[in-house]
Amino acid sequence: MILLELKGLTKYFGGLAAVDSLDLAVNAGQIVGLIGPNGAGKTTAFSLIAGFLPPTRGSVLFKGEDITNLKPNKIAGKGLTRTFQLTTLFGEMTVAENLYIAVHLQARPSFFGSIFSAPSTRSKEQELHDRTGALMDSMGLSELRDELAKNLPHGHQRLLGIAMAIATDPEVVLLDEPVSGMNQEETTTTMRLINEIRETGVTVLLVEHNMRTVMELCDRIAVLNYGNKIAEGTPKEISEDEDVIKAYLGSEEAA
Amino acid sequence: MHRLSRRVGGYLILIVLLFLVPVGTRDPYYLYTAYRIFLLIIMAVGLRVTMTTGQVSFAHAAFMAIGAYSSALLVMRVGLSFWLALPLAGIIAMVVAILIGFPILRLTGVYFFLVTFAFGTVVMLIITNYWRDVFGGTQGLLNIPVPDPLAIPGLPPLEFTTMTPFYYLGLMVMIIMILFAVRLDRSRFGRVFRAIRQQDALAQSVGVNLFSYKMLGWAIACFFAGIAGSLFSHMHKVITPGDFTIQLAVYCVVYVIVGGEHKVSGPILGTALLCLVAEYLRGFGPIEPLAYGVALVLVIVFMPQGILGILPRINAWLGNLWPGPSQGVSNNDTTGA
Chain H
1 MILLELKGLT KYFGGLAAVD SLDLAVNAGQ IVGLIGPNGA GKTTAFSLIA GFLPPTRGSV
61 LFKGEDITNL KPNKIAGKGL TRTFQLTTLF GEMTVAENLY IAVHLQARPS FFGSIFSAPS
121 TRSKEQELHD RTGALMDSMG LSELRDELAK NLPHGHQRLL GIAMAIATDP EVVLLDEPVS
181 GMNQEETTTT MRLINEIRET GVTVLLVEHN MRTVMELCDR IAVLNYGNKI AEGTPKEISE
241 DEDVIKAYLG SEEAA
Chain F
256 MHRLSRRVGG YLILIVLLFL VPVGTRDPYY LYTAYRIFLL IIMAVGLRVT MTTGQVSFAH
316 AAFMAIGAYS SALLVMRVGL SFWLALPLAG IIAMVVAILI GFPILRLTGV YFFLVTFAFG
376 TVVMLIITNY WRDVFGGTQG LLNIPVPDPL AIPGLPPLEF TTMTPFYYLG LMVMIIMILF
436 AVRLDRSRFG RVFRAIRQQD ALAQSVGVNL FSYKMLGWAI ACFFAGIAGS LFSHMHKVIT
496 PGDFTIQLAV YCVVYVIVGG EHKVSGPILG TALLCLVAEY LRGFGPIEPL AYGVALVLVI
556 VFMPQGILGI LPRINAWLGN LWPGPSQGVS NNDTTGA
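Protein chains in written order, with the numbering used here: chain H, 1 to 255; chain F, 256 to 592.
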């Protein structure tokens, strides 16, 4: 079943096509990688899908529904959440508080209930509390729950970013360079986590530079270069594709 | 736990002392000054709510004016009791805020500041120059009635003939508003406000509707200003457009920034301290604005978290004598857990 589909998605910045007529279909339950050299348009594509940028042309279909011009929070409400490249967190808040904001979608709290801690609100809060607790356990963040996000080591900051996306209970999660800046051990842990996320039924679309990660993790890979999709297939097919090798290795230097 | 109970104890002692002030002095000057400070604290605590979502408003004095004029007119023209006009003044200010919020809350930063500045000016121009038979033009409204006597079971009715009952009215309303602001801050709404300010894109990506939350914070802030306006008009008995200048709006922002924004106690400390300093400086001619300007620059340069930011250090010097927020500047104690 196709869960997420991009049709002719195009974004111009001035005269430059950052993403050019991108077609892509993501099946439910898969891990799909979007790769390509720097500036190939991968992050722009993410921003278009998640509603942070309006596309110049083309459309995004999620579960068959056109979500092209919806706001990011609406898209998140429908079950598609992105993470950010680098570390975008609520730095002045603790790990637990960060996750608490992210479970927002399941809460829909009443205003006066929250202010005066009505019993109904309190039981709901307790439920969310448990949920953030379970999430921190599964992500290995429990011991850091009261640390300010800005004080976490880099690897844990990235994990918290992923945990926050998962906290919104999405059907599709877009991970923007989930293992960038991580050491070998952290990378391995994160890859295992991403696999676990998929096993809980969440479809994953990820952008990544780390080739080993992409090749080991993904069921399918799409390769972008200068905004165009130049190849799509299984990791094995991609690693043997001549256009891809040319785009990555070029004629002068190794990537 | 022990630390928490000690802090609550400290606040309780402070409240009891405030309640005892009129027993110690009946000098209307002190009680009047205190009443003014209570109102300004309500203003500053309210303004901080919208500032936590990242929106700095310079229309706060105008919303106080909306509350003041609404309340006075509701009592004088419609014949409502002050006790009904008081909440209605807050609600009217809030409704106006919501209407104007639809176009302006899409703006942030300096653009929001400019448009609130312009809106405040327009409100004051309308009050000054249009419908003079309603608003009274530059002369404003005269003979605004004091609140109706308040019947408290077991006590003689509270007549608003001296400064003392006004002092208690201001103190009670201020305490209620502060408690509301503290509850709000610790609720998930308060958390989402701070999240929006720190990383609005991330907040949006996890499903936060930025516009509705900013609207909520903005409406609450203006509700506070409306309440303060009502309290102002029925004590002064005369209100003119000159009571709600843009200077007042600027002062409110200064109170919040000097006190520190990250907790409700910030604007309370900032307002109390700057007002007392201003009261002292009054004898030296019109240097109040200058003093505020200097205070603002010094705070922004040397104390980015305001007075709240240096409390832990003062606390350390005093060897933990101060029962106040000794946790310092971290957000740990705002989790309410």
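Calculated from the structure, these hints are not laboratory results. There may be inaccurate statements among the hints.
[Stated by the list, open to error] Output of the computed footprint for chain H on chain F, the stretches with three or more beta carbons under 8 Å from beta carbons of chain H: (1) 319-332; (2) 463-474; (3) 507-514.
[Claimed, not checked] Below, a list of computed lysine to any residue pairs in the SDA-like style, where the Cα atoms sit at most 20 Å apart: (4) H:Lys-236 <-> H:Lys-71; (5) F:Lys-492 <-> F:Val-401; (6) H:Lys-150 <-> F:Arg-452; (7) H:Lys-63 <-> H:Lys-150; (8) H:Lys-78 <-> F:Leu-426; (9) F:Lys-492 <-> F:Phe-444; (10) H:Lys-71 <-> F:Asn-464; (11) H:Lys-71 <-> F:Leu-343; (12) H:Lys-74 <-> F:Lys-492; (13) H:Lys-71 <-> F:Val-401; (14) H:Lys-74 <-> F:Val-401; (15) H:Lys-74 <-> F:Val-509; (16) H:Lys-71 <-> F:Leu-426; (17) H:Lys-7 <-> H:Gly-233; (18) F:Lys-492 <-> F:Leu-343; (19) H:Lys-78 <-> F:Phe-466; (20) H:Lys-71 <-> F:Lys-492.
Note that the structure is predicted; figures quoted are calculated from it, not measured. In this text, a Cβ means the ideal position worked out from N, Cα and C, and glycines have one as well.
- Task: Could you check the structure against the hints above and give me the numbers of any it violates, in ascending order?
- Result: 1, 3, 4, 7, 8, 9, 11, 12, 13, 14, 15, 16, 20
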